[in-house]
Structures are given as C-alpha cells and as structure tokens.
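Just so you know, the sequences run in chain order A and B.
Following the numbering used here, the numbering of the first sequence begins with 1 at its first residue and continues without gaps.
Following the numbering used here, the numbering of the second sequence begins with 1 at its first residue and continues without gaps.
Just to be clear, a hint being listed does not mean it is correct.
Any copy, or any two copies together, can satisfy a pair, since identical chains are not distinguished.
Said to hold, decoys possible - Capping the alpha-carbon separation at 16 Å, the derived lysine to aspartate or glutamate pairs in EDC-like fashion look like this:
| hint | residue 1 | residue 2 |
| --- | --- | --- |
| 1 | 261 | 144 |
| 2 | 23 | 248 |
| 3 | 261 | 223 |
| 4 | 175 | 99 |
No lab work stands behind these hints, which were simulated from the structure alone.
Protein chains: 2
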Amino acid sequence: MNIVITGGAGFLGVRLARELLKKQTLALAGGMPQAISRLTLVDRAAPPADLVADSRVRVMEGDLNALLEAGTPAVVAEGTDLVFHLAAAVSGECEADFDLGMRSNLDATRALLQACRGLQAKPTLVFASSLAVFGNSPEQPLPEVVEDTTLPTPQNSYGIQKFIGEQLVADYARKGFIRGRNVRLMTVSVRPGKPNGAASSFLSGMIREPLAGVRAVCPVAPETPVALSSPGHTIDGLIRAAEASDSDWGARTAINLPALKTTAGEMAAALARVAGKDVAALIDWQPDPVIARIVTSWPAQIHAARAERLGLLPEKNFDDIIRAYLSENPYAASQPAG
Amino acid sequence: MNIVITGGAGFLGVRLARELLKKQTLALAGGMPQAISRLTLVDRAAPPADLVADSRVRVMEGDLNALLEAGTPAVVAEGTDLVFHLAAAVSGECEADFDLGMRSNLDATRALLQACRGLQAKPTLVFASSLAVFGNSPEQPLPEVVEDTTLPTPQNSYGIQKFIGEQLVADYARKGFIRGRNVRLMTVSVRPGKPNGAASSFLSGMIREPLAGVRAVCPVAPETPVALSSPGHTIDGLIRAAEASDSDWGARTAINLPALKTTAGEMAAALARVAGKDVAALIDWQPDPVIARIVTSWPAQIHAARAERLGLLPEKNFDDIIRAYLSENPYAASQPAG
Chain A
1 MNIVITGGAG FLGVRLAREL LKKQTLALAG GMPQAISRLT LVDRAAPPAD LVADSRVRVM
61 EGDLNALLEA GTPAVVAEGT DLVFHLAAAV SGECEADFDL GMRSNLDATR ALLQACRGLQ
121 AKPTLVFASS LAVFGNSPEQ PLPEVVEDTT LPTPQNSYGI QKFIGEQLVA DYARKGFIRG
181 RNVRLMTVSV RPGKPNGAAS SFLSGMIREP LAGVRAVCPV APETPVALSS PGHTIDGLIR
241 AAEASDSDWG ARTAINLPAL KTTAGEMAAA LARVAGKDVA ALIDWQPDPV IARIVTSWPA
301 QIHAARAERL GLLPEKNFDD IIRAYLSENP YAASQPAG
Chain B
1 MNIVITGGAG FLGVRLAREL LKKQTLALAG GMPQAISRLT LVDRAAPPAD LVADSRVRVM
61 EGDLNALLEA GTPAVVAEGT DLVFHLAAAV SGECEADFDL GMRSNLDATR ALLQACRGLQ
121 AKPTLVFASS LAVFGNSPEQ PLPEVVEDTT LPTPQNSYGI QKFIGEQLVA DYARKGFIRG
181 RNVRLMTVSV RPGKPNGAAS SFLSGMIREP LAGVRAVCPV APETPVALSS PGHTIDGLIR
241 AAEASDSDWG ARTAINLPAL KTTAGEMAAA LARVAGKDVA ALIDWQPDPV IARIVTSWPA
301 QIHAARAERL GLLPEKNFDD IIRAYLSENP YAASQPAG
C-alpha cells in the first residue's frame with residue numbers, strides 16, 4: 001500500500017507517519033489489512049531523521065503548489081492508494097495574508113484533487129478540515145452544541161477555505177474521482193515543540209512552556225470555553241477515517257472529531273493538579289483582543305455523533321491529556337534544580 | 001449609480017436590466033435612491049435591441065473569465081456601485097462537463113470578486129446562488145422543510161460550485177472587500193423562450209410549449225414535488241437584496257428566496273384550468289431517470305424566513321404564475337385557428 005501525507009513534516013504529519021510505520025498495515029475502507037510499502041512525506045520542511053531513515057519513506061521537500069504544478073516527480077504517483085491531506089497555512093497566517101491562505105489552502109487542495117483524479121485507480125483522500133469552519137457571530141450565533149449537521153458559518157478565512165475544501169472533496173468523491181473522507185480536526189492540545197502562527201497556539205503553549213519552566217501567555221480570559229483533543233486521539237480519528245468502509249462512513253459531508261469541553265481556567269487548574277501550583281503560576285493572563293475574538297468565535301461544545309458511531313470518543317478530562325503529553329515527551333518537564 | 005450585470009443577456013439578466021432601467025433609481029443598501037446612470041451588461045451573447053438602444057447601457061460581449069483575465073476594458077470599472085453576478089453554466093452542463101462548471105462557476109466568481117476587491121470604493125455584490133445547493137441523498141436525507149440554516153448537501157457539481165461561491169462572497173464581505181448579498185434563487189417557472197441545458201428546463205417547457213400549441217415532455221412523475229418562483233418574484237428578490245440595509249439583511253450566509261410548493265401534476269392541472277384540457281394534453285409524461293434523479297434530489301418545501309422578514313413572499317398558486325406569464329408574453333399562446 002502506497003500512502004502520501006501532505007504536511008508530512010508537520011507535527012501531526014510526523015506523528016501520523018510514525019503511527020502508520022509502527023502499524024505496518026492498513027485496512028483501507030473496510031478491506032483486508034495490507035502492508036504499508038511506501039509512505040511519501042510532502043512538506044516544505046524535512047521530516048525528522050527517524051522517518052527519513054525508514055526504507056519505506058520517500059521525502060518530497062517543497063511548496064505543495066509548486067510540486068503539483070511541476071508534475072514530475074508526481075506528488076501523487078500512479079499506484080497511490082491513500083492520501084492524507086494535512087498541509088495548510090494556519091488560521092493566523094490566513095487572516096494576516098488573504099492571498100497566501102487562498103493559495104495554500106484552496107488552490108493546493110484543488111490541485112491535489114486534480115492529481116488524484118488523474119490516477120488510473122481511484123485513491124482514498126482523507127481531508128483534514130477543522131473546527132474553524134464553525135464561527136460564532138452576533139448576526140448568527142452558534143447553537144450551544146455543534147452537531148455534524150450544524151450549518152458552518154466560518155468567521156475567518158482559514159475556516160472558509162477549509163469548508164470550501166470539504167465541498168471540493170465531497171464533489172470529487174461523488175463524481176467517482178476519489179474516495180473522500182472529510183474529517184474536522186478539533187484544536188489539538190498539548191502540541192510539543194514551538195508555538196506556531198495558529199490563533200490556537202497558546203492552548204498548547206500555556207501548558208507546554210510552564211512544564212518546561214518557561215513563562216507563557218494565555219491571551220484569553222479563564223472562563224473562555226474551548227473544545228480540545230489530544231494528539232493521540234486526533235491521529236486515531238484520521239486513521240479511522242481511512243479504514244472505515246463507505247457504508248460505515250456514510251455521507252460525504254464532514255464529520256466532527258470528538259472534543260473535550262473545557263475552559264482556559266480549567267486547563268490551568270489541571271496543570272496545577274498534575275504538575276504543581278508553581279508550574280501553573282508561570283501562566284501570564286494577558287488578554288489579546290485579536291486572538292480572543294478568533295478563539296471565542298469557535299464552538300466550545302461538540303456532539304460528534306458520526307465519530308462516536310465509528311468508535312471515536314472524546315477525552316474524559318484535561319488532566320489525562322497533560323499526563324499523556326508528559327509520558328510521550330519525557331524530556332518536556334523541567335528538571336528540579338540541583 | 002453604476003451597475004454591472006453578469007449574465008446580462010440571459011433571461012433573468014435581461015428582465016433585471018429592464019426592471020432597473022424602468023425604476024430609474026435604486027436605494028443601495030438602505031441609502032437614498034440614486035439615479036441609475038450606467039448599466040453594464042456582460043454576457044457571451046448580445047442583449048436584446050431595446051437594451052442596447054438605451055443610452056445608459058454599456059454592452060460587454062464575451063466569456064466572463066476571458067474578459068476578467070484581459071482586464072481592459074474593466075468588467076468592473078472604477079466607480080462601480082453594484083454587481084449582480086448571475087452568469088453561470090447551468091446544472092446539466094456542469095454535470096456533463098466537470099471542468100467547464102469549475103471554470104464557469106468557481107473560477108469566474110473568484111476572478112469577479114478579485115476585480116471588485118481591486119476597486120477604491122467597496123461595491124455591493126449580489127450573488128445568485130441556487131436551490132441546487134440543497135440535495136437529498138440516501139445517506140443524508142433532506143429535512144421535509146428546508147430553512148435558511150439547513151446544512152446544504154449538494155448532490156451535483158452545480159450546487160457545489162454555487163455553495164462555494166456563497167462562501168467566497170461571505171469571506172470577501174467579512175474582509176471588507178465587498179458588501180455581499182448571497183441569494184438562493186428557486187427554480188424559475190414559467191421562463192419564456194427556448195429550453196436550456198438546466199435539468200429544471202422542463203418545468204417551464206411543460207407549460208410554455210403547450211400554451212404555444214407545441215407538445216412538451218415532462219420527464220418526472222406527476223407526484224414529483226417541486227419548489228417554484230415566478231420570474232417577477234425572482235427579480236424582486238434580487239433587487240431587494242441590493243436595497244436591503246446591512247442590518248435588515250443580517251448574516252453573510254445565503255438567504256433562500258420564497259418558493260411555491262407544488263408538483264408536476266398540479267402544474268399540469270393548473271394549465272388545464274387556465275388554458276383548457278386540450279392544452280394540458282400536449283404534455284407527454286416520459287420519465288427520464290437522469291433528469292428525475294437530479295430534480296428529486298432538490299428540496300420541495302422551503303421556509304424562507306429571512307426573505308419573509310424582508311417582505312418577500314411566495315406565490316399563492318401556480319394558476320396565478322401561468323396567468324402572469326400570459327399577460328407578460330401576449331404572443332406566447334397559440335391563436336385559435338381561422
């Protein structure tokens with residue numbers, strides 16, 4: 001089985017790649033498990049050394065639009081069975097640079113779909129859409145609980161571009177050009193590594209940095225509700241989307257992944273419980289109206305009915321998410337002095 | 001006031017142009033009425049002679065994408081106050097030729113929005129979306145009554161492209177590049193003239209042709225429910241969208257125009273009542289599974305709450321629609337022999 005991951009050197013791409021290589025096989029769309037023989041990682045950056053060293057891994061480094069335009073070597077080569085399309089410009093970038101977002105998120109998705117359409121055998125494409133398709137506004141308040149069938153009303157360009165991507169994936173699937181799987185990812189926390197340009201970046205930073213003994217800013221009020229999913233659950237959702245049969249999957253519209261409903265203040269309280277009050281005291285509560293406006297426009301409570309039917313459930317509490325982060329990133333916590 | 005109509009030589013474009021020239025003024029977005037000094041009609045075909053002869057009318061003949069790419073003369077010239085974007089490839093064409101639909105409906109809409117964005121003063125853009133964004137499918141049945149907030153699940157490429165257009169218009173409006181008005185047109189009946197490539201073409205033809213003494217095919221079963229609007233009400237909806245203030249208009253998502261709920265069989269019965277049984281007997285009931293599949297995937301009952309708040313109401317019965325057609329098209333009915 002040949003698999004392509006766009007954004008394959010990003011945080012989720014790398015984690016997905018490692019998980020797939022560890023699994024060794026994948027049962028595509030309800031079929032028999034098949035050995036994963038080739039994993040192509042497409043990204044502007046190079047993936048980590050452990051992935052590059054795996055004989056099954058092929059690396060394509062470059063801008064996705066440019067690689068697709070060049071055509072050779074093919075991003076989606078003949079014989080590709082499965083594409084995870086994770087590559088995207090993040091929400092903050094798209095809001096700051098409209099044209100960049102349109103190119104990175106809309107044009108690239110369309111070009112990738114065209115490449116898939118050109119294959120002799122129909123590939124499966126898992127599209128990583130986002131919670132950001134849902135936006136709250138005074139003219140159109142979000143319902144308290146967001147369902148799979150709730151009308152998305154995106155309040156930023158990133159959300160619009162992801163929602164357009166869902167429509168393209170749905171129609172390419174309907175036309176039989178691909179097998180399509182639209183999956184809306186929730187805000188992922190705790191992400192390891194460094195802050196990125198996403199408006200949601202602080203939702204990892206406010207946990208990750210204090211654990212490493214570094215001060216971190218929380219730019220929203222403690223009572224701000226947020227819907228979160230751990231990295232592990234997010235990867236489970238992407239793989240389940242690829243493995244679900246067409247009938248188990250159902251409609252071509254997107255499914256919401258499950259999310260834990262919590263608040264910035266509850267996250268800080270969980271950090272204090274798991275790592276101590278001194279660690280939680282490293283959070284600086286400094287409201288940023290630009291970030292707060294974006295984050296508070298996202299839904300806080302998700303009812304992921306379709307995902308639940310596929311066996312995907314939300315985390316039970318944020319304490320467990322912090323503990324999972326610490327066990328997966330043993331060097332993340334600062335060592336006691338002396 | 002300078003107004004542009006894309007698709008300005010089409011049936012709705014011509015009717016809209018005539019209505020605007022007759023009105024002479026327009027109160028844009030709740031402002032004071034202003035004289036309509038310039039009306040630019042953009043279309044692949046030439047508009048009728050009465051429009052060409054009006055000193056306020058400027059004609060731009062050609063493919064919308066090609067005209068926008070050429071840039072000079074500008075489709076949307078500096079000083080444009082209002083654009084009605086009606087130009088589109090119709091549903092049948094888009095289903096037969098996927099790439100044509102993407103180019104005509106998605107690329108052209110995006111290029112037009114970019115042209116609007118380039119103006120010094122923000123124009124208003126009224127986007128003619130469609131009932132076809134709603135699609136029924138076994139995996140995702142439509143609710144019995146479709147509301148403004150119902151999640152669109154298009155079942156054909158035309159519907160997907162229109163729904164993507166709505167998203168683009170909403171985001172260009174949110175960014176302040178345009179004032180946006182997304183309006184979903186219902187199936188228009190009775191259209192004068194000739195059949196076109198739309199899957200819904202028969203919903204006019206089965207009335208228009210028999211009235212002219214010509215046999216016509218109805219390709220769906222008599223009990224097939226349909227939601228219709230007269231040409232007059234449709235034009236009223238487009239003009240109301242331009243004239244509504246931002247606060248009266250509300251959310252950037254699309255509004256459904258009102259529609260009369262009827263069936264193909266009831267339409268034939270109305271034709272018999274208005275024009276006689278002999279006329280209605282000119283309808284040939286010949287099921288066409290391809291057309292029937294598209295038409296039965298559209299919703300039959302619309303609750304147009306936002307349009308109603310703007311004072312737009314559906315027709316009361318189909319008999320009135322036929323009578324309006326006959327009064328507006330005095331030569332449409334065949335003359336008695338002798």
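> Is it within, between, both or neither when you check residue 175 against residue 99 at 16 Å Cα-Cα?
Replying inline: between (29 Å within a copy, 12 Å between copies)
> Should residue 261 paired with residue 144 be assigned to within, between, both, or neither, using CA atoms and 16 Å as the limit?
Replying inline: within (12 Å within a copy, 32 Å between copies)
>> At most 16 Å between alpha carbons: which applies to residue 23 and residue 248, within, between, both or neither?
In response: Answer is neither: 22 Å inside a copy and 56 Å across each miss the 16 Å cutoff.
> Taking 16 Å as the upper bound on the Cα-Cα distance, should residue 261 and residue 223 be classified as within, between, both, or neither?
Replying inline: within (12 Å within a copy, 47 Å between copies)
Checked against the numbered hints above, the structure violates only hint 2.
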